[in-house]
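*Asks:* If you want the building blocks of each chain, they are given just below.
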Amino acid sequence: MAGVTVRMPFVRRAAALRALVLAALSVAIAAAALAAAAPARAEAPERVVALTPFTANILAQLGVTPVAVAEPAATEEKLSPRLRGAQRLAMSHPNGPNLEQLVALRPDAVFSSPVWRAGTPKIQNLGIRVYDSLDPQRLGTVPIGIKKIAKIVGREAQGVALANRVQREYRAASAGIRKHPRVLLVLGLAQYTLAMLGNSWGGDIIEAAGGELVTKNIKPIGRTSEGAVVGNLSNEAVVRMNPDVIIVVPHGAADEVPAIARYYRNFAPWRKTKAARTGRIYVPTDDLLLQATSDPASLIRKVRREYLKN
Amino acid sequence: MPAAAATERPAPELPLAPRVSVRRVLVVAGIVVALVAAVCASLALGSVKVPLDQVVDAMFGWLTGDQARGVDREIILQLRLPRTVTAIAVGASLGVAGALLQGSLGNPLASPDVVGVTGGAAFGAMLVILLSPGHVALLPLSALVFGMVAALLVLMISWTGTNRGGVGRLILSGIAIGAIFTAATSMLMALHPSRAPSAVMWLAGSLQTEGWPTIRSVAPYLAVGLVLAFCLMRPLNRLALGDEVAASLGTSPRLVRLVAIVAAAILASGSAALAGLLGFLGIVVPHAVRLLGGTSNNTFVVPVSALAGATLLTAGDVVARTLKAPLELPVGPMMVAIGVPLFLWLLRRAV
Chain E
1 MAGVTVRMPF VRRAAALRAL VLAALSVAIA AAALAAAAPA RAEAPERVVA
51 LTPFTANILA QLGVTPVAVA EPAATEEKLS PRLRGAQRLA MSHPNGPNLE
101 QLVALRPDAV FSSPVWRAGT PKIQNLGIRV YDSLDPQRLG TVPIGIKKIA
151 KIVGREAQGV ALANRVQREY RAASAGIRKH PRVLLVLGLA QYTLAMLGNS
201 WGGDIIEAAG GELVTKNIKP IGRTSEGAVV GNLSNEAVVR MNPDVIIVVP
251 HGAADEVPAI ARYYRNFAPW RKTKAARTGR IYVPTDDLLL QATSDPASLI
301 RKVRREYLKN
Chain R
1 MPAAAATERP APELPLAPRV SVRRVLVVAG IVVALVAAVC ASLALGSVKV
51 PLDQVVDAMF GWLTGDQARG VDREIILQLR LPRTVTAIAV GASLGVAGAL
101 LQGSLGNPLA SPDVVGVTGG AAFGAMLVIL LSPGHVALLP LSALVFGMVA
151 ALLVLMISWT GTNRGGVGRL ILSGIAIGAI FTAATSMLMA LHPSRAPSAV
201 MWLAGSLQTE GWPTIRSVAP YLAVGLVLAF CLMRPLNRLA LGDEVAASLG
251 TSPRLVRLVA IVAAAILASG SAALAGLLGF LGIVVPHAVR LLGGTSNNTF
301 VVPVSALAGA TLLTAGDVVA RTLKAPLELP VGPMMVAIGV PLFLWLLRRA
351 V
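Those protein sequence lines, which keep their order, are chains E and R. Residues in the first sequence are numbered from 1 upward in steps of one, following this note's numbering. Residues in the second sequence are numbered from 1 upward in steps of one, following this note's numbering.
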């Protein structure tokens with residue numbers, strides 16, 4: 001009996017140990033199986049291509065040099081000197097880059113934009129990651145865009161620091177505003193008054209620079225997510241709004257800007273506005289008011305200095 | 001003498017001197033009333049509210065040469081009035097152009113597209129908008145010139161070789177030339193995507209112009225086209241009897257067709273120069289007029305198409321600029337939204 005009484009706890013202990021080992025093994029196998037089934041956590045891409053000036057410049061500031069960047073148009077934001085070595089890709093609608101050229105670069109990730117979204121699935125089908133919604137559409141989303149880019153390339157700490165610095169700088173650029181002129185911001189395309197609305201990048205910059213955007217309360221036709229930030233404004237409304245300043249952002253080559261400026265300064269439907277009468281119709285030589293820049297503070301200062309004079 | 005024979009034969013004279021019917025008088029009266037209403041609405045309504053007494057004062061001041069100033073007056077006289085005049089001129093021109101082409105080619109599907117004008121004018125406009133935006137003031141001229149160049153090419157091709165001047169040859173030449181210009185336009189848009197929004201605006205049709213300066217530059221061409229069209233009404237009636245009968249009545253079918261196409265090309269090019277592409281008017285308005293009046297007589301169809309086209313475009317423009325004010329919608333789709341239900345209703349009754 002004693003032997004039995006002695007052996008029974010031992011047998012129970014051994015059985016319990018076996019059960020414990022089996023359970024641990026089962027958990028380990030299940031965990032391994034789950035890990036194998038779950039998508040692998042995206043590793044920071046080593047070879048990246050940037051198709052917008054914003055993403056290219058932010059990557060450069062984060063210390064990541066893209067293997068290629070989109071060939072900037074004549075009036076677009078200047079690329080950082082750090083991108084001098086990156087190959088230039090010519091862009092064309094609807095895909096953006098030539099897919100054969102792109103594949104030859106063996107990129108792990110492509111930073112694209114909504115403009116080239118038609119090409120996104122085609123690039124993804126080639127096994128390349130595509131991020132096409134990181135270009136900020138509003139001034140307030142610049143820091144968010146920077147942090148997202150930084151996270152993707154595995155430089156979160158630098159991203160936070162850069163985002164905070166950019167935010168601090170553009171807030172400082174809005175300080176000390178003395179005058180708030182009423183501003184109409186239009187896309188200089190033919191004889192139509194394609195006005196930038198309050199939900200646009202350009203509208204945000206004007207407001208940050210102390211201007212009062214005369215179209216800020218006009219609701220766009222269509223969805224903002226689909227790019228409805230511009231509206232064909234009636235010239236009757238322009239005359240009634242009577243802006244102090246009209247800024248026409250041309251979509252032309254830089255050498256065409258003087259002719260475009262002459263056209264709009266003599267544009268008959270605007271002739272009675274205060275802007276036309278006081279000679280304050282401006283035509284910039286760049287298109288920084290149309291799309292996000294990595295340095296909004298400089299842009300705000302430029303708008304204040306050259307156009308709003310406040 | 002065929003001309004003398006024509007005056008001696010009572011039967012062919014019928015289409016040349018139509019009897020005045022109550023139905024047609026009512027149709028003309030109805031369209032005139034609608035046009036007056038559309039013009040009043042066009043002057044009174046817009047993106048901004050101008051009190052009616054200000055509108056009336058501004059119009060009386062304009063008529064009497066009063067030089068008073070003010071924002072409301074500026075809006076009425078420098079923006080709304082030229083726009084209303086443009087709508088009337090373009091609507092009338094496109095209605096007449098369609099009537100001329102359908103009458104001269106004996107083809108119910110004939111419109112300014114058929115003689116290549118639309119494709120040529122679009123190419124001319126895109127050249128300026130996409131390639132040389134700095135010279136946008138030349139847009140109306142470029143559209144006008146290329147519309148007429150396209151028509152000239154079509155005429156040169158169709159008036160040479162075998163079966164020259166034949167309707168089939170002309171239509172096929174028009175389709176070929178139109179295709180070339182359309183392809184060139186597409187290529188320009190693909191190469192300059194960033195400027196595409198204004199190209200789309202122009203292609204969808206818009207009466208947003210610089211106002212009086214643009215009207216002044218195009219009006220002489222439209223006037224010539226309309227005068228030619230009204231001179232062609234009776235010859236077109238003879239042509240409707242068949243080429244042989246028309247020839248026996250002293251009318252040269254080829255000459256009438258040639259002049260009709262030239263007039264239609266001038267009218268359609270001038271219209272494109274002012275308002276972009278509004279092809280719908282050219283094809284639908286003459287049919288609607290025939291269905292309403294119950295006749296194909298060109299002395300009725302041509303002038304009434306002018307009135308109906310002017311009415312439809314003026315009304316469409318009022319809707320386009322007030323529906324989402326202060327933003328404007330393209331007038332082409334608005335005009336289709338108003339015109340197509342009316343046309344389908346007429347078509348259903350006719351069938």
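It is worth saying that the hints were derived from the structure and are not from the lab. Just to be clear, a hint being listed does not mean it is correct.
Straight-line C-alpha distance at most 30 Å; calculated DSSO-like pairs for lysine-lysine [stated by the list, open to error]:
1) Lys272/E - Lys151/E
2) Lys179/E - Lys122/E
3) Lys49/R - Lys122/E
4) Lys49/R - Lys272/E
5) Lys122/E - Lys219/E
6) Lys324/R - Lys122/E
7) Lys219/E - Lys151/E
8) Lys216/E - Lys151/E
9) Lys274/E - Lys219/E
10) Lys179/E - Lys151/E
11) Lys302/E - Lys148/E
12) Lys122/E - Lys216/E
13) Lys216/E - Lys272/E
14) Lys324/R - Lys147/E
15) Lys272/E - Lys324/R
16) Lys274/E - Lys49/R
17) Lys302/E - Lys179/E
18) Lys216/E - Lys148/E
19) Lys151/E - Lys324/R
20) Lys122/E - Lys272/E
21) Lys122/E - Lys151/E
22) Lys147/E - Lys78/E
23) Lys78/E - Lys324/R
24) Lys78/E - Lys309/E
Just a few of them, taken from the derived set where beta-carbon distance is under 7 Å, the chain E residues facing chain R [to be verified]:
25) Asn95
26) Val103
27) Leu189
28) Gly231
Bear in mind the structure is a predicted one, so any value in this text is a computation, not a measurement. Just so you know, even glycine gets a beta-carbon here, dropped at the ideal spot from N, CA and C.
*Asks:* Indicate, hint by hint, whether the structure satisfies it.
*Replies:* Hints, one by one, checked against the model:
1. Lys272/E - Lys151/E: Judged against 30 Å, a Cα distance of about 51 Å means the pair is violated.
2. Lys179/E - Lys122/E: violated, 49 Å
3. Lys49/R - Lys122/E: violated, 50 Å
4. Lys49/R - Lys272/E: holds, 18 Å
5. Lys122/E - Lys219/E: Violated. Lys122/E to Lys219/E sits at ~34 Å, over the 30 Å cutoff.
6. Lys324/R - Lys122/E: Violated, at roughly 37 Å.
7. Lys219/E - Lys151/E: violated, 34 Å
8. Lys216/E - Lys151/E: The hint is violated at about 33 Å.
9. Lys274/E - Lys219/E: holds, 24 Å
10. Lys179/E - Lys151/E: With Cα atoms ~40 Å apart, Lys179/E and Lys151/E exceed 30 Å; violated.
11. Lys302/E - Lys148/E: holds, 27 Å
12. Lys122/E - Lys216/E: Violated, at about 37 Å.
13. Lys216/E - Lys272/E: holds, 22 Å
14. Lys324/R - Lys147/E: violated, 38 Å
15. Lys272/E - Lys324/R: The given pair, whose Cα atoms are some 24 Å apart, holds under the 30 Å limit.
16. Lys274/E - Lys49/R: This hinted pair holds, its Cα atoms lying about 20 Å apart.
17. Lys302/E - Lys179/E: holds, 15 Å
18. Lys216/E - Lys148/E: holds, 28 Å
19. Lys151/E - Lys324/R: violated, 42 Å
20. Lys122/E - Lys272/E: Violated: Lys122/E and Lys272/E sit about 50 Å apart, past 30 Å.
21. Lys122/E - Lys151/E: Holds: Lys122/E and Lys151/E sit about 24 Å apart, inside 30 Å.
22. Lys147/E - Lys78/E: The hint holds at about 22 Å.
23. Lys78/E - Lys324/R: violated, 38 Å
24. Lys78/E - Lys309/E: holds, 24 Å
25. Asn95: violated, 11 Å
26. Val103: With a minimum Cβ separation of about 22 Å from chain R (threshold 7 Å), the hint on Val103/E is violated.
27. Leu189: Holds, about 3 Å.
28. Gly231: holds, 4 Å
Hint violations for this structure: numbers 1, 2, 3, 5, 6, 7, 8, 10, 12, 14, 19, 20, 23, 25 and 26, all remaining hints satisfied.
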